[in-house]
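**Q** Listed below, chain by chain, are the residues.
Protein chains: 2
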Amino acid sequence: MAAASAAFEAVANLDPRWPASLLDRIAEEIMALGDALLDRAAAETALPRGRLISERGRTVGQLKMFAQIVREGAWLDATIDTGDAHRQPLPKPDVRRMAIARGPVAVFGASNFPFAFSAVGGDTASALAAGNPVIVKGHPSHPGTSELFATAVLAAIKARNLPPGLYALLQGRSNDLGAALVRHPAAAAVGFTGSRKAGRALFDLAAGRPNPIPVYAEMGSLNPLIILPGAIQERGAAMAKDLAGSILLGGGQFCTKPGVILMVGNPTEFLVALEQHISSTQSVTMLNQPLRDGFLSRVTQWKRIDGVRASGAPAAIGYAGTRPILFETTAAVFLSEGELREEAFGPAALVVRCDDETEIARVLGTLGGNLTATVHAAAGDNPVALIGAMQSIAGRIVFNGYPTGVEVCNAMVHGGPYPATTDANSTSVGSAAIRRFARQVAFQNTPDEFLPPALQNGNPLKIIRNVNGRMTAEPVER
Amino acid sequence: MAAASAAFEAVANLDPRWPASLLDRIAEEIMALGDALLDRAAAETALPRGRLISERGRTVGQLKMFAQIVREGAWLDATIDTGDAHRQPLPKPDVRRMAIARGPVAVFGASNFPFAFSAVGGDTASALAAGNPVIVKGHPSHPGTSELFATAVLAAIKARNLPPGLYALLQGRSNDLGAALVRHPAAAAVGFTGSRKAGRALFDLAAGRPNPIPVYAEMGSLNPLIILPGAIQERGAAMAKDLAGSILLGGGQFCTKPGVILMVGNPTEFLVALEQHISSTQSVTMLNQPLRDGFLSRVTQWKRIDGVRASGAPAAIGYAGTRPILFETTAAVFLSEGELREEAFGPAALVVRCDDETEIARVLGTLGGNLTATVHAAAGDNPVALIGAMQSIAGRIVFNGYPTGVEVCNAMVHGGPYPATTDANSTSVGSAAIRRFARQVAFQNTPDEFLPPALQNGNPLKIIRNVNGRMTAEPVER
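Those sequence lines, one after another, are chains E and G.
Under our numbering, the letters of the first sequence match residues 4 to 481, in that order.
Under our numbering, the letters of the second sequence match residues 4 to 481, in that order.
Since the hints were made in silico from the structure, they are not lab data.
Since the structure is predicted, the reported quantities are computational estimates derived from the model, not experimental observations.
Heads up, some of the hints might be wrong.
To be verified - Just some of the chain E residues that point at chain G, by a computed CB distance under 7 Å: (1) Asp84; (2) Asn214; (3) Ala388; (4) Ile390; (5) Asn413; (6) Val416; (7) Tyr421; (8) Arg442; (9) Phe446; (10) Phe453.
Claimed, not checked - Selected chain E positions facing chain G (in silico; Cβ < 7 Å): (11) Arg99; (12) Arg100; (13) Ala210; (14) Gln292; (15) Val401; (16) Ala414; (17) Met415; (18) Thr449.
Stated by the list, open to error - In silico lysine to aspartate or glutamate, EDC-like type, Cα no more than 20 Å apart, as pairs: (19) Lys465(G) with Glu452(G); (20) Lys95(E) with Asp245(G); (21) Lys200(G) with Asp207(E).
Cβ atoms here follow ideal geometry from the backbone N, Cα and C, with glycine treated the same way.
Could you put the whole structure together from the sequences, leaning on the hints where they help?
**A** In structure tokens form, the structure reads like this:
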């Protein structure tokens, strides 16, 4: 943390676009790791090579995207209100605002995205892009993978002649390590992806500091998926297959896995097909044994509840394997059994049969905050009221699709009301993620030579700015 | 809170610009209160009529500004990434993001701005503008003034045919009332202006909820003001007068009052002049007796410290009056006496004499977060390093001016690192204040007829949007 603080001071006087060339170089260094990275990650996570290759693509892609965001500079939200010395009764000052870096950011890597949300994942990329040093607490599930990523970053920092304190990877299983990072006086913000228990613990630590700091924690989600009768009639067979694929993607270990399926009535044919697709996968190797054991304990609880039907018995298979299970119950049982509203992280989903759309909306209202909510509708269905209910609990509404697969783009919201995240006004995926790791500063009546380049009259960075209410890349006339 | 929740549901289906006409009407209703409002406020606050008239102008002005912000719609940050069905290996989804209202907002009125930051002040205006119901806990210093404002809002709500639950004013001296608002399950966010103790208590309550909610607390500031030697030489006499005016503005009860004056050496002539200007005001009537007593207790502490010189003795004058005092000490004493870094809310300031600019920077580094930091410089001064130190502790840098007087504009940051506020990435003054009371939601592959108007292809609201990375008010081509 001391090295990070020193690095933060050292970069203050550099060209403000310094993160761009660093991020691009990190992307190159990651690709240069080649098979060593893929082999190590496959050994540590049991994720298939194809998935790892595509996740590497996303990881490198988001580094390059943030480099581009830094070069464009629009994220700084540079806003200039020029003064008016003749305004009555008082002169109007010249005021200029922009986003600046916060300081050292502690990032907690996730187990389920060893590339895209771990040592050099989305939080690291967006925090560096905003100009902050990053200290990563690596996830103990894949220490070798994290270490390889760290070597890539440190090589890139060296190649760009930047201070080495800009990045550090700390490894270990102890909660004390993470707590020490969050409590450290130099820590300015925290990024986290993981369980609700761990995320909330870090949030509580940060809120309890003498000077509280923000914690952007993404803590999983039930991701309700609604299937209306018209959709079943139109494309039930295809949906049963695609939905099973979404549930089992990455071994059911996506934070966007559709975990609660809400349906009207009892569409037997669809449910049989869905169950067959789920059961056709005999076994899934999970990311680590504690996750598998946690999954087993949750689904064993579910199976014991009266009125809940399971497609099979929970099973421990080998070191970290288990069997996919589809559960099914009624809205009445779901509403009365709180355990069914806790996420089963792994290859399982729960179908909740409701009397009608009104009961679906009532169930939605009990789910709390979610990353996503999905509706499948077709001719004859009226999803309008449900979209309102979905919007009130989720950060992303998906229409006739599946929530797994989070597009990295400007418009993405990978966030949502608590407990999906600790800040519903932010996203951890997409270009807007950079905003989390900044704070606002204004300069009043400050001579041009003392202003940051982004706010100078001549607009030397050639960025889009709000000048007296108008978006423009033109210089300011004085 | 129940009425607010019901109102929040009721407005969901209105034209999304409904807050604009409400805010304009509230401004009209406030003006229609006429002398009754000014008389009541003068009686309750002891603030002079001229000040109240100008504060009313600001209050009405910011209501109208937020109405305009709502009509323009750029604050929604509507962002559209259109899809591509042919992208390989996976189709690119259509994703659209915007800001939406959070839900009922609890606002805590301040004592020192009975109009601009109280029952219908900046927090109320910005929270309503974002589409949220507002429940105000009125400040017990001016209950009649708050009540008049509330009648104006309720009349405007009625005139616009909106649900009455959109606004409520609750009055009382009990902390339990405020705590109950922050703890209430329906509360979605909190706006607060006041003391650090009260702000932190509300922050802790909100962070400790089962589902934490954001607290935007503005909790005062020392507002360091640096005067470099060249500036004294160039315009010392004028500065002594203007600085005294800024310190005593509103009886020294501005959160932006320059409370700590940092100078190089011992510019005797300037200090004598500053002290004369301060002492020429015999007595100030403060907003209420507890504030006056708190002020006396703080300055009495200061006066007892060895090495601190005071221009006079702390004095209680009448019901809530006191005498302005200028204090003076050295950097060595200031750095060793923690009490001197606590705000004296009232008509006092502390001059800290430093050896050189390096010592000034060291003192700045011990001040913690501030709303503002000011530097006066002229030929021969080199403020560059100090501006860096100021930026690291403050939300607004003022050059050759005074921090009191906060311009309501797009570029304003009335915020800063803790303990100035609880969220350094936000502002409570200026148009950007609206962003605090929103959250983000994205829609994926959603048919046009189910999208909010701000995200529909045709752009029926005619707002500026980010479409595939480009800012435009044009419709989206499909």
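**Q** Asn214(E) was flagged as interface toward chain G. Is the shortest Cβ-Cβ separation under 7 Å?
**A** holds, 4 Å
**Q** The hint names Val401(E) as touching chain G; please verify it with the least Cβ-Cβ distance against 7 Å.
**A** Holds. Min distance 5 Å.
**Q** Please verify that hint: Tyr421(E), Cβ, nearest Cβ of chain G, below 7 Å or not.
**A** holds, 4 Å
**Q** Would the hint on Met415(E) stand, with a C-beta cut-off of 7 Å toward chain G?
**A** At about 6 Å, which falls below the 7 Å cut-off, the nearest Cβ of chain G leaves the hint on Met415(E) intact, so it holds.
**Q** Can the hint on Val416(E) be confirmed by a CB-to-CB distance to chain G that is less than 7 Å?
**A** Where the cut-off is 7 Å and the nearest Cβ of chain G is about 4 Å from Val416(E), the hint holds.
**Q** Checking hints one by one. Is Ala388(E) an interface residue toward chain G, by the C-beta closer than 7 Å rule?
**A** violated, 10 Å
**Q** Under the criterion of a CB-CB separation shorter than 7 Å, is Thr449(E) in contact with chain G as hinted?
**A** For Thr449(E), the interface hint holds, since the closest Cβ of chain G sits about 4 Å away, which is under 7 Å.
**Q** Is the interface hint for Phe446(E) satisfied, with its Cβ closer than 7 Å to some Cβ of chain G?
**A** Holds, about 5 Å.
**Q** Can you verify the interface hint for Asn413(E): is its Cβ closer than 7 Å to any Cβ in chain G?
**A** Hint holds; Asn413(E) Cβ to chain G Cβ min 5 Å, cut 7 Å.
**Q** With a cut-off of 7 Å, does the beta carbon of Arg100(E) approach a beta carbon of chain G closely enough for the hint to hold?
**A** holds, 4 Å
**Q** Under the criterion of a CB-CB separation shorter than 7 Å, is Arg99(E) in contact with chain G as hinted?
**A** holds, 5 Å
**Q** Next item in the hint list is Gln292(E). Is there a CB on chain G closer than 7 Å to its CB?
**A** violated, 31 Å
Consistency note: the structure conflicts with the earlier hints numbered 3 and 14.
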